[in-house]
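S.K.: Given these sequences and hints, build the entire structure.
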Amino acid sequence: MPAYLLRSVRPLGGDPVDVVLGGPGAEGTIAQITPPGAAVAPDGDVVEVDGAGLVALPGLVDLHTHLREPGREDAETVRSGTRAAAAGGFTAVHAMANTSPVADTAGVVEQVWRLGEEAGWVDVFPVGAVTVGLDGERLAELGAMADSKARVRVFSDDGKCVHDPVLMRRALEYVKAFDGVIAQHAQEPRLTEGSQMHEGVVSAEIGLAGWPAVAEEAIIARDVLLAEHVGSRLHVCHLSTRGSVEIVRWAKARGIAVTAEATPHHLLLTDDLARGYDPRFKVNPPLRTADDVEAVREGLADGTIDIVATDHAPHPREDKDCEWAAAAFGMTGLETALSVVQETMVDTGRLTWADVARVLSGAPARIGRVADRHGRPIAVGEPANLVLVDPAARRVVDGATQETASANTPLQGREIPGRVVATFLRGRATVFDGAPVEADA
Amino acid sequence: MRHLLSTDELSLEEAILVLDTAAQMAATQSREIKKLPTLRGRTVVNLFFEDSTRTRISFETAAKRLSADVINFSAKGSSVSKGESLKDTALTLHAMGADAVVVRHWASGAPHQLAHSGWLGSADNPVAVLNAGDGTHQHPTQALLDAFTIRRHLVGRVGGAGGDGVGRDLAGLKVAVVGDVLHSRVARSNVRLLRTLGAQVTLVAPPTLLPVGVETWPCTTSYDLDETLAHGQPDAVMMLRVQRERMSGGAGAFFPSPLEYSRRYGLDHRRLAMLPAHTVVMHPGPMNRGLEISAEAADSPRSVIVEQVANGVAVRMAALYLLLAGDSSAEGSSI
Chain A
1 MPAYLLRSVR PLGGDPVDVV LGGPGAEGTI AQITPPGAAV APDGDVVEVD GAGLVALPGL
61 VDLHTHLREP GREDAETVRS GTRAAAAGGF TAVHAMANTS PVADTAGVVE QVWRLGEEAG
121 WVDVFPVGAV TVGLDGERLA ELGAMADSKA RVRVFSDDGK CVHDPVLMRR ALEYVKAFDG
181 VIAQHAQEPR LTEGSQMHEG VVSAEIGLAG WPAVAEEAII ARDVLLAEHV GSRLHVCHLS
241 TRGSVEIVRW AKARGIAVTA EATPHHLLLT DDLARGYDPR FKVNPPLRTA DDVEAVREGL
301 ADGTIDIVAT DHAPHPREDK DCEWAAAAFG MTGLETALSV VQETMVDTGR LTWADVARVL
361 SGAPARIGRV ADRHGRPIAV GEPANLVLVD PAARRVVDGA TQETASANTP LQGREIPGRV
421 VATFLRGRAT VFDGAPVEAD A
Chain B
1 MRHLLSTDEL SLEEAILVLD TAAQMAATQS REIKKLPTLR GRTVVNLFFE DSTRTRISFE
61 TAAKRLSADV INFSAKGSSV SKGESLKDTA LTLHAMGADA VVVRHWASGA PHQLAHSGWL
121 GSADNPVAVL NAGDGTHQHP TQALLDAFTI RRHLVGRVGG AGGDGVGRDL AGLKVAVVGD
181 VLHSRVARSN VRLLRTLGAQ VTLVAPPTLL PVGVETWPCT TSYDLDETLA HGQPDAVMML
241 RVQRERMSGG AGAFFPSPLE YSRRYGLDHR RLAMLPAHTV VMHPGPMNRG LEISAEAADS
301 PRSVIVEQVA NGVAVRMAAL YLLLAGDSSA EGSSI
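Line by line, the protein sequences are chains A and B.
Sequential numbering of the first sequence, starting at 1, is according to the UniProt record's numbering.
Sequential numbering of the second sequence, starting at 1, is according to the UniProt record's numbering.
Keep in mind that the hints were calculated from the coordinates and are not lab data.
For every residue, glycine included, the Cβ atom is placed at its ideal position computed from N, Cα and C.
Keep in mind that a hint or two might mislead.
[Said to hold, decoys possible] Simulated crosslink set (EDC-like; lysine to aspartate or glutamate; CA at most 20 Å straight-line): (1) K320(A) / E403(A); (2) K87(B) / D278(A); (3) K320(A) / D88(B); (4) K87(B) / D321(A).
[To be verified] Examples of chain A residues toward chain B, derived with CB under 7 Å: (5) E199; (6) A204; (7) I206; (8) E323.
M.R.: See below:
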């Protein structure tokens with residue numbers, strides 16, 4: 001594996017420096033950070049990179065990815081999904097549990113973890129199901145998953161809500177034993193029966209059954225109170241409404257251990273897009289109003305929302321090439337997340353690149369309890385998990401040419417800013433010059 | 001416009017053109033030989049993913065009266081029930097040379113997708129799609145036949161225009177639409193079309209059966225039928241069908257009981273007597289007699305419910321004629 005000498009890159013968007021990754025005695029770590037031109041090339045094989053204009057960020061960490069394997073390899077595999085993750089600048093992903101079979105046992109989470117190791121594109125941290133089969137009836141063996149080789153710390157029935165308050169309380173209490181966190185898909189099931197999109201002016205007009213904001217807000221309100229009551233950690237998945245932001249803001253002010261994520265699509269897109277009945281815009285929770293989008297941006301800017309997580313949800317073409325009501329919920333996002341955050345938060349002056357490093361790397365690593373390896377500062381001796389971004393580049397999204405095995409991107413044909421030039425996982429380039437690099441290349 | 005998908009898309013001029021054409025078609029239906037040669041050699045497919053004998057027969061009759069070849073395709077017992085997708089069904093119909101597809105679908109937006117997906121002909125030369133009812137979205141020919149019926153009864157009478165009110169809009173008329181607006185494609189279609197034609201619409205329903213966001217619609221809303229009838233003095237009262245599954249008891253029901261619904265929102269003898277003498281009573285059918293409408297109201301001289309059915313054929317003839325036999329050389333030929 002060569003060492004890399006990155007000339008004049010800008011860590012977190014700051015002043016240019018030279019950075020050396022790897023080299024003798026420093027394999028897999030950041031070896032030098034010097035003023036521009038001062039770095040000394042290490043002995044051996046060295047690749048020098050002109051990093052002028054490039055922003056260096058710690059490798060991104062996604063707390064919410066659907067890799068679909070086992071069970072739906074027609075939509076995505078661990079290999080294709082993690083390759084897409086690397087292309088998007090990620091060095092770690094948490095893989096959601098709603099696979100087939102469900103990741104509700106030590107065996108399945110170890111299988112996913114092992115597939116991630118073998119693929120080698122990013123570190124894969126499986127998320128364990130909270131309940132057996134995601135059925136919301138009884139707790140899965142959370143401790144066995146925590147003790148497995150996968151060392152699960154995040155548990156979620158994502159795709160479904162743990163709606164029974166007693167079961168949710170038990171789950172919150174139980175995971176305290178191994179510092180776990182319950183990541184809740186907040187969706188009151190009775191209020192959203194048959195729902196197809198956000199309930200509001202647009203749904204009423206185009207005749208699609210509505211998913212009311214209060215169905216999300218009511219569960220979040222309940223859960224933060226439960227988390228306070230039992231003194232445990234709660235993580236709110238893909239929060240999408242103004243009311244949800246306000247509840248989380250209130251809970252944090254009260255000292256409750258709650259964290260929250262927003263998806264790139266909820267930072268950018270509105271329910272107005274449903275008017276054309278294009279199922280690429282069908283997602284759960286649904287795209288909301290412009291006011292909700294503004295609230296999510298405000299929440300991310302002021303720290304109420306801790307992280308951006310992709311909710312990357314690949315689907316095969318036949319699951320989207322059909323009537324809206326018959327189409328699957330979900331959209332891809334790993335390869336466009338950083339660009340969407342740049343467009344909505346950085347280019348609008350709401351976040352700095354240092355903030356981006358926090359919401360897309362440091363904070364998700366801490367919530368997922370992998371901060372010993374990921375989301376680290378860019379400093380000598382730290383793991384060489386880095387992404388180099390060209391913020392001045394622009395590109396047009398084409399699902400057909402992305403690395404993910406599915407093409408259901410809501411940004412199809414849209415021009416977005418930024419481009420991942422290189423991704424390094426422990427000093428190895430998984431992406432270089434914008435293209436994925438096979439491990440044995 | 002190359003399709004008829006929604007009443008939202010109809011301009012005032014287009015709407016009046018359809019109604020006027022329907023009047024011409026209706027006139028031909030009193031002749032001894034009702035059939036016209038207009039669409040000879042053209043193929044119309046009735047593509048029904050949802051049961052609706054009345055609408056299908058109406059479209060079938062309309063197409064046959066225009067001498068089109070008609071193929072009826074029902075999802076039940078077909079390849080669709082074996083898992084074939086809408087896309088593959090559309091590709092098949094296109095390959096078979098359909099000139100127009102009349103589509104009834106349980107999913108809102110399915111006709112829109114058929115028209116715009118490229119599955120049914122190219123973007124430059126699409127097969128005409130007529131929406132015969134999609135989910136809880138739209139049922140444009142129902143709204144057109146309702147408007148046609150209203151115009152025939154009320155505009156000619158009030159304005160002194162020619163027999164069927166030909167050439168006229170519905171300006172100044174007041175229409176009350178009563179019942180399950182939330183799930184009604186008829187209500188959605190009518191609000192838009194009647195507004196385009198200049199009528200004032202009031203939706204009357206319990207709050208549970210009005211959609212969130214209804215305040216942005218071009219109409220007024222009321223929870224009180226008696227108030228609307230007594231003070232609103234509507235020229236037409238359109239009762240909507242209440243589906244049995246909406247009434248199932250327990251937490252999911254939209255109202256406490258059929259009896260309470262009937263008391264508060266049913267059109268009965270007492271309410272019939274509150275209406276001005278000229279007011280017509282309408283219903284898209286099939287009716288729940290004794291629930292949203294009493295037998296007395298349904299069978300009263302004010303009722304134009306049976307006539308609505310007859311007018312449906314004329315309106316659908318007009319729609320097919322304008323989409324398939326209109327000036328197809330014109331850019332964006334429209335109905």
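S.K.: Tell me the numbers of any earlier hints that the structure contravenes, in ascending order.
M.R.: none
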